[in-house]
Every structure is written in C-alpha cells, then in structure tokens.
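Protein chains in written order, with the working numbering: chain D, 7 to 330; chain L, 544 to 907; chain S, 799 to 1055.
There could be a bad hint or two in this list.
Computed beta-carbon distance windows for the label pairs [what the hints assert, rightly or not]: (1) GLU619/L / GLU915/S: 49 to 59 angstroms; (2) LYS599/L / PHE68/D: 50 to 60 angstroms; (3) ASN748/L / GLU915/S: 11 to 21 angstroms.
Over 10 angstroms on every C-beta distance to chain D, these chain L residues come out as not near it, computed from the model [to be verified]: (4) PRO625; (5) LEU654; (6) ASP878; (7) GLU892; (8) MET905.
Pulled a few chain S residues facing chain L out of the computed Cβ check, cut under 8 angstroms [to be verified]: (9) GLU951; (10) ALA955; (11) LEU999.
Bear in mind the hints are in silico, worked out from the structure with no lab data behind them. In this text, a Cβ means the ideal position worked out from N, Cα and C, and glycines have one as well.
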Amino acid sequence: MAILGGRPAARAGRPPTTAYRLSWRILDALEAVAARWPARAEGAVKWLLLGPALAVVGLLVFGLVVMADASLRVMDFRTYQLGEDYSTANYVRLFGWGAFHATLWRSLLATLLVTLFCLLLAFPYAYALTRTASARLRRVLLVGLFLPFFVGQVVRAYGWLVILGQQGLVNQALGLVGLGPYRLLFSYPAVLFGLVQYMLPFAVLMLAPALAAIPEEIERAAASCGASRGRTLLRVVVPMARPGLIAAALVVATLTLTDFAMPAILGGGTNDFLANLVHDQFFRTSNAGLGSAIALVLTLLGTTVAGLLLAAAGVGALGVRGAR
Amino acid sequence: MSEPSFSTSRRRLLGGATALGAGLAMPAILRAQEPAKPAELIVRAWGGVWVDSLKKGVSDPFTAKTGIAIRHDLTEDNEIKPRIWAAVAQGRVPPIHVNWDTTANATSSALRGVCEDLSDLPNLATVLPLAKPIGLTGVPIVNLYSYVYVLAYRPEAFPGGPPTSWNVLLEPRFKGRIALYNDGIGFHPVAQVLGGGKIADIPGNMEPCWAFIRKLKEQKPLLGEDPDFTNWFQKGEIDVACTISSNAREAKAKGVNVAWTVPKEGAKVDTDGMWIPKGLPANELYWAKRYIDFALSTEAQQVWLDGLGLPGVAPGLKPPADLVGDPSYPTSEKDYERLILIPPKIQAEHTAEWFARFKEIMQS
Amino acid sequence: MAGGVALALLLLLAAPSLVVAGASLTAGSIVQFPPEGLSLRWYGRVLEAREVRDALLRSLEVATVCTALAVPSGTLAAIALARWRFRAALAIQLYLLLPFTVPLIGSGIGLMLLFGELGLLGRVWPVGIACCVINLPFMIWAVAASVNALDPELERAAASCGAGPVQTFLLVTLPAVAPGILAGALVMFVLALNEFLVSLLLVDARTVTLPVQIYTQIRGVITPDLAAVSTVYVLVAAAAVLLLDRLVGLEIFLRSR
Chain D
7 MAILGGRPAA
17 RAGRPPTTAY
27 RLSWRILDAL
37 EAVAARWPAR
47 AEGAVKWLLL
57 GPALAVVGLL
67 VFGLVVMADA
77 SLRVMDFRTY
87 QLGEDYSTAN
97 YVRLFGWGAF
107 HATLWRSLLA
117 TLLVTLFCLL
127 LAFPYAYALT
137 RTASARLRRV
147 LLVGLFLPFF
157 VGQVVRAYGW
167 LVILGQQGLV
177 NQALGLVGLG
187 PYRLLFSYPA
197 VLFGLVQYML
207 PFAVLMLAPA
217 LAAIPEEIER
227 AAASCGASRG
237 RTLLRVVVPM
247 ARPGLIAAAL
257 VVATLTLTDF
267 AMPAILGGGT
277 NDFLANLVHD
287 QFFRTSNAGL
297 GSAIALVLTL
307 LGTTVAGLLL
317 AAAGVGALGV
327 RGAR
Chain L
544 MSEPSFSTSR
554 RRLLGGATAL
564 GAGLAMPAIL
574 RAQEPAKPAE
584 LIVRAWGGVW
594 VDSLKKGVSD
604 PFTAKTGIAI
614 RHDLTEDNEI
624 KPRIWAAVAQ
634 GRVPPIHVNW
644 DTTANATSSA
654 LRGVCEDLSD
664 LPNLATVLPL
674 AKPIGLTGVP
684 IVNLYSYVYV
694 LAYRPEAFPG
704 GPPTSWNVLL
714 EPRFKGRIAL
724 YNDGIGFHPV
734 AQVLGGGKIA
744 DIPGNMEPCW
754 AFIRKLKEQK
764 PLLGEDPDFT
774 NWFQKGEIDV
784 ACTISSNARE
794 AKAKGVNVAW
804 TVPKEGAKVD
814 TDGMWIPKGL
824 PANELYWAKR
834 YIDFALSTEA
844 QQVWLDGLGL
854 PGVAPGLKPP
864 ADLVGDPSYP
874 TSEKDYERLI
884 LIPPKIQAEH
894 TAEWFARFKE
904 IMQS
Chain S
799 MAGGVALALL
809 LLLAAPSLVV
819 AGASLTAGSI
829 VQFPPEGLSL
839 RWYGRVLEAR
849 EVRDALLRSL
859 EVATVCTALA
869 VPSGTLAAIA
879 LARWRFRAAL
889 AIQLYLLLPF
899 TVPLIGSGIG
909 LMLLFGELGL
919 LGRVWPVGIA
929 CCVINLPFMI
939 WAVAASVNAL
949 DPELERAAAS
959 CGAGPVQTFL
969 LVTLPAVAPG
979 ILAGALVMFV
989 LALNEFLVSL
999 LLVDARTVTL
1009 PVQIYTQIRG
1019 VITPDLAAVS
1029 TVYVLVAAAA
1039 VLLLDRLVGL
1049 EIFLRSR
C-alpha cells in the first residue's frame, strides 16, 4: 500500500490496532458512489468532466445568439430602435463598405505578421529560459515575463507613447546626433510593434513548457551525430516543440485579430482593426445591428484561423488525444 | 420648407428671455412635502478639468445645500449609452441618475424614448431658449452651455499672425501635423463650405463636404478625442487642429503655447446638456431633477463654466477675464452670426451615415 | 546567444513600465521622460485616495472569484480532453476557443445583457465570472501541458495496487498536474486583475474595479498621478509575483511534469 501511504488497515478477525482514518472513510465512500456508475455509461464520464467548462463558455453563447438576432435587424435612426423585420441588410451593407474591406485586410495582415514575429522572438526567449544553467538568469527572465502581464495593455501602450513621441526618449537621443525629430507613432508599423510587444509574453508562456519537455540529451545526441547547432535547432528542436508553437500561434493570432486597444492608442485613428469598427458601431453610432454583424464575422474569421492552425497541428496538439 | 432651420435657431439662441427676475425659490409648503433623500446621486461626467469644475460649481454646493453626496462616474458618454439602453429595455434601475452628455449624443437616447421629461424644472423659465433642444417632444434634455469647434494652432507656426481661413489645414507644411476628431464631429459644416457647398444643403447634399475631407486625407491628419488634442499640443505632435476651445484653453493653462480663432468661413457651435434615464425610483428622480435645476442656476453656472471657459444658458453670466471678446465665447448677436448650429435631430438622424462616410475616407 | 536575445527582449518588454514609473516621479505636472525634476508628491496624492484602495480590493475579489471558478472547470476539462477520445474533438476545441475568437466587445455586450436579464449587475462577483469566461482557454492549456506529460503508467500502477478510480484521480492524477494547475491559476488571477474592457460594461460607479478606474481617468489627460497609480499597481503585483516565486517557484511554468 505504498502509494496510498498511511498505516495498514485492520486484518480480518482481529480488532484493529490502528484507527481507520477519516480520509480513508471518505475515499471509500466516494469509491462506493463511483462504483454505482453504470459501466455502460463509462463514456459519459468524459462529458461530465468537460461539462463545467462547456457551461462557462456557454455564457458567451448566449451573447452570440443575441448578437446573431440583432445582426439580422436594421437600426432605424429616427427612433433608435432595431427594426422588427429580419433581413440580411446589415451583411450586405458590410460587404459593400470600403472601410470594412480595408480594415479586414489590415487586421488579417497584422495577424499574420505579428504571429510570425512573435514566434521568431519567443523562441530564443523560451529557449534561454528553459536551457540556461544560471538559475538567476532564469528567474530574471521569468519575472520580466510576468511583470508586463500585471501592468496591462493600456498602461504599456501609454509608456510607448511617451518613449516614441515627438519629444520622447528616442527622438531626444536622435536629437543628440542632430537627427529628427521623426514621427514614429500613429502608423501601421507602430501598431504592429505595440502588438508584438504585448503578445510576446503570451507566446513565451505557451512555448516554454513545450521546450522544457524536450530533454537536452536529444540535442546532445544530435550534436554527437554530427549535426551543427543550427541544424539541431531546425530539424530536431523545432519539430518537437510543435505543440507549443501551435499553441503560441493560436493565442497570438486570435488575440491580435480581435485586438482593439493597440490600434486605438498607437494607430492615430487611421489604422483601425475590425474590433475598432465593432466598438464604433456599438458605442458611437449606436447601431447594434451592424455592430453585431461585424462581431459575428470577426468570430467566424477567428474560428476559421484557429481551425486551420489546429488542423495543421494534427492530432495531439494542445494535449487533446486522438486514439490512444 | 423654404427657410432652413439654421437661421431660425440662430435667432432662438439669443431671442427673448433674458433675466426674468431673481431665482424662483421653492415655497416653504412644497419643501415640507419633499420625498426622501437618497444617500447619493451618481452623475456621469468627463474626467479631468470637466469633472473638477462640475464638482466645484455644481456638485459640492448641491451637497452643501441638500446633504446628498454626489458620486461622479467617469465612463465615457458613448460607453454608458448602451448600458442605459439595456437597463431600460430590461426594466432595471439605470447605472446613473444624471447624464452630462453632448446634446447630439443625448438626442439619440431621446429619440429612443429613454429620457425622463424635464419640462417642470423651475429654472427653465429664466434661461436662454437655447436650453430647450429644437425638434424634440417635451424637454428630454436640458442644454446647459454651448461651445465652438475652433481652429486651434501653435502661434510659433504662424509668425505672420493668426490664420484667417480653414484652408491652412491643406498647407503642405502641416502634413501629418493636423488633427481632427476621429468621427469628424465639429467639422462637417465647415468642410461643406470649404468644399464649395452651402450650409442650407445639409443634410440633403453633402458631396462638397466629402470632397474636402478627401483632400484633407492627403494631409495625413491625426484623429482622436478630447484628451488627445491636449496631449498632442503638449508634446508638439501637431500645429493645427479643429477642436473645442476648452481643450486648447486647457493646454494653454498647462503652459503650452496655443491659441485659437474662428476663421472667416465660420465654425460649428454645439451644446452639451444633462438628462435623466428612465427607471429611477420616484424619490431619486425628484432629487436628480433638483440637481439639474441647480445646474441651470446662475450661481452654479458662474463657477462651473468659468473653469471650462464656455458660455452658459443662465441669465447674467460674466465671461472669465481671459475670454472677454473671444470668438469662442459668443455673447452677442454678432458673435453668433459666424457660428453654425445644426439642429440636434438632424444630427442624430444622420450621424451614423456621416460617420460611415468619414471613416470610409479616412481608413482607406 | 539566445540569452542575449532574451535579455534584449526583456528590456523591450520592461521599457514602457519603467518609463511610466520614471515619469511618475516628476516634480512637474506632465508625463514625460526623463521627468522634470524628481518628487514623490504624486504618490502622496495617490496613496491617500480611498477610491483607489476600494477599487483595488474589488479587483482582488474579482480575481479570486475568477480563479476559483477557473480551476475546477479548466482542470477537469483538460483532463477529459487528454485522457479520453472525443469524436468531435476539433469542434469541442473550437467551442472552447470562443473566448478568444469572439471580440471582447461582443463578449462584453453579451455578458452585460445576460447578467442584466438575470439581475446580476451591480455586484462585484459576476465580474469575476465574466473574467473567467473570457480567459478560460489559458487555464485549460496550462493544465493540458501538465496532463500531456503525465505518464499513464503512474495511474495504471496505482490501479494495480488496488486504488479505485476516485482514489487514483485524487491522490495520483491531481498532484501530478498540480504544477499546471498552479501555473494556470496564476495566469487567470493576473488577467482578471487587469481586465478592463468587459469590466467597463459590467461595473458601475459603486463597484468600479481598479483597471477601469485607471482607464477612465487615463482617458482624461495622462497626468503624473495616474502614472503613480499605475506604478503602485505594478509594484504591488511585482511583490505578489516575487512572493509566489518564493513560495512555489515560477519555474512551474516550465515544468510539465
């Protein structure tokens, strides 16, 4: 009984020499309940475990249903009420709207670029984090990763406004050598930069456990077979880290696609993403119909991107088993 | 349909009803029947100098008079709107008692029918007709002051003296250094004139307006909201902007060298007001009305609006020393002649469409 | 070399926070870096403000509720997904990814309407539930990483020693995935502490949380006292991170076994 520990139970026939622990009684009771579970319903257990999470996300589904309903109705601007009749007018209007198309491509391109950059930068960070011998460096890197989480998106964006502004640090430094001042903010690259630095901690957090799970011996084995450092990384480590890379890509892609704060703060008002359009419709023009339509399109896009990434990852990514 | 609504409204801005006698004090007998006082009232306000001056001029004196504490909610006006609408639609108590809002924004709520009627406020009898919005049934919103969307500029960029025309926005040397509101607000009538059109054509034919804005897009303007303008002037990011005079005045108070003017083509004037969402318990509704009534009094407006440098609707107000004769502080018929007011109902009905066109041009 | 890149990135990540902190020390009245003179007066104003303390307490309550809900639902879901085969695995995963694919504005409006219908607005704990909803995938992934690396031999060994399924689960599986659970709980806690967009729609002036308070004031003009509030926020959180590192070790994030 080494696994369960504790003192041995009473032997048959003799009065117990030790008390039967309360924790054991509870466990026995639970086992008895579990034993009642019909063998045929074995498969239902997995659904039972999944249930709470499904219910939690179900709270969002309610909102989606309400929005789907709203998206099929048109706003009357004389009474500011959504019309009663159903039609696809909002969607038709959306797909004929130039600003929507411009914003759509802008958001998709950003998703691609930011994901790529984040993966490229997160890899060395996570690699250093998991492979370094120095505990001190590891702690510094970990703390440095967590602090941005605590500071939050908005405050960090304002920090960059101060650093990159006309009178900010960068322009001050350039001014010392007689250059500038340059307009570094309020452009598409500025938004991309802001997104990369915001998403980087997420990417590292997703990637690091995967890298940590790859034993160092494998790299040494590859080296002893004659593979160069680069080859080892590319041919051995990266493929083995695939689940982590996919997870990182998933997080960064979906969060970038739906981001609203960075384009708003660093974009200067001319680099809106789809989420900003949704924001405008719900808050500025009070058109819940059009806003819901854009939100649903965005959700569909995000789900498609996620679906593609998961399909590319194949079975086994994110800990979801196929056949076992 | 001959006369455009604009000249009517301009006359109404000034017309009769100057001081109709001293404030109407509440007769003692009615005071005895006042409903129970709530512990606090929640008033939505914009942050920074806006809430500070409201506190000083209206909220703190109100608390001193009635003993009811005022809590200020700094949620943006457009962010609280869907929450109020949802509360009314679901039959719940709204999140705030009093909404200090732009008249344009408030009109959409009024059209939807979520505002309490305020026609029984005593002080409404003594204030400028401007206080009652045009074209709406009853008094769902009480307008409290007006403001002008001026041309704010850095004097260092204009050594030859203040600019005389809005066309300076198109000068190549200001590329990337001009700023507008990110929904185009405050600029449509001006753009219409600059594009070669007429004010009377709004909203029927706005093509001249869009033509001018397309030209403006080449100048790579920065688009933002009130606090952005102050920050941008402070940080030297812009030289010219179309913004409310109080933002420029605030930057100036912070030591930034900025001035403003109303160019020859004119400028848009608009109002802000307060309204009460439906669904409040009867006693809270009563005291919320008393709050707005107090905000209409000369005593409150003098202190409150001095902090903002904006002309109010109460009788007998004196402009702050630095704004006497300033075009952004209209006090006489002559001052108002150069200003353009679009009736809030027209704005409310067309804002979505104008917003979409503006975005279309600016985001492409 | 990876270490060098990592340190450079670390500096990049830390830069804005450092600048905001530095700007809060200004003796002047605008936010700029380097600050105009040094002074702690803005901190004095901040620490006096009762609203800040109240808002912080509410944020802590929100974060606690969020984590309390996330741990059981996320853990059980991760174990279910890793241990059993589902025919609709892809569909389930995409469903569970909805918190990321639905834009926050949409989630916020939807939750506001739902909670409104249920009469739950005006209290602090529903905000915690909302934070859990929008960040749940993080919890599931954190635990999944641990479960994935869990050797099924361990559980079979326990069974062969006579342990029933409940005992195995409670005494073998759970302790083995504890690192993942802790890691996930920490992420959920932090994200809930910082959440402002959805909270903006769910709180009112009496139940405002700290990020909403900071954000609504930052949207006024950025003044040094806001920089000071943000910095205090960061310092408190940093202390929490370091404390957690002391107690548990942040390295649990790296360990999958």
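query = For MET905/L, which was marked as not at the interface, is the minimum beta-carbon distance to chain D over 10 angstroms?
reply = At about 6 angstroms from chain D, MET905/L fails to clear the 10 angstroms cut-off, so the statement is violated.
task = Examine each Cβ of chain D, and state whether all of them lie more than 10 angstroms from the Cβ of GLU892/L.
result = Violated, since 5 angstroms does not exceed 10 angstroms.
task = Look at the Cβ atoms of GLU619/L and GLU915/S and judge whether their distance stays inside 49 to 59 angstroms.
result = Hint violated: Cβ distance 24 angstroms, outside 49 to 59 angstroms.
key: No chain D beta carbon within 10 angstroms of ASP878/L's   = holds, 30 angstroms
ask   = Do the beta carbons of ASN748/L and GLU915/S sit within 11 to 21 angstroms of each other?
value = With Cβ atoms ~44 angstroms apart, the hint is violated.
ask   = Do the beta carbons of LYS599/L and PHE68/D sit within 50 to 60 angstroms of each other?
value = Distance hint for LYS599/L, PHE68/D is violated at roughly 44 angstroms.
message = Beyond 10 angstroms on every Cβ pair: is that true for PRO625/L relative to chain D?
response = violated, 6 angstroms
query = Is the shortest C-beta separation between LEU999/S and chain L less than 8 angstroms?
reply = Holds, about 6 angstroms.
ask   = For LEU654/L, is the shortest beta carbon distance to chain D beyond 10 angstroms?
value = Label violated. Min Cβ-Cβ 5 angstroms, cutoff 10 angstroms.
task = Go through the hint on ALA955/S and say holds or violated, using the shortest Cβ distance to chain L against 8 angstroms.
result = Since the shortest Cβ distance to chain L is 55 angstroms, the answer is violated.
Interface hint for GLU951/S, Cβ within 8 angstroms of any Cβ on chain L = At about 54 angstroms, which exceeds the 8 angstroms cut-off, the nearest Cβ of chain L leaves the hint on GLU951/S violated.
Violated hints for the displayed structure, listed by number in ascending order: 1, 2, 3, 4, 5, 7, 8, 9, 10.
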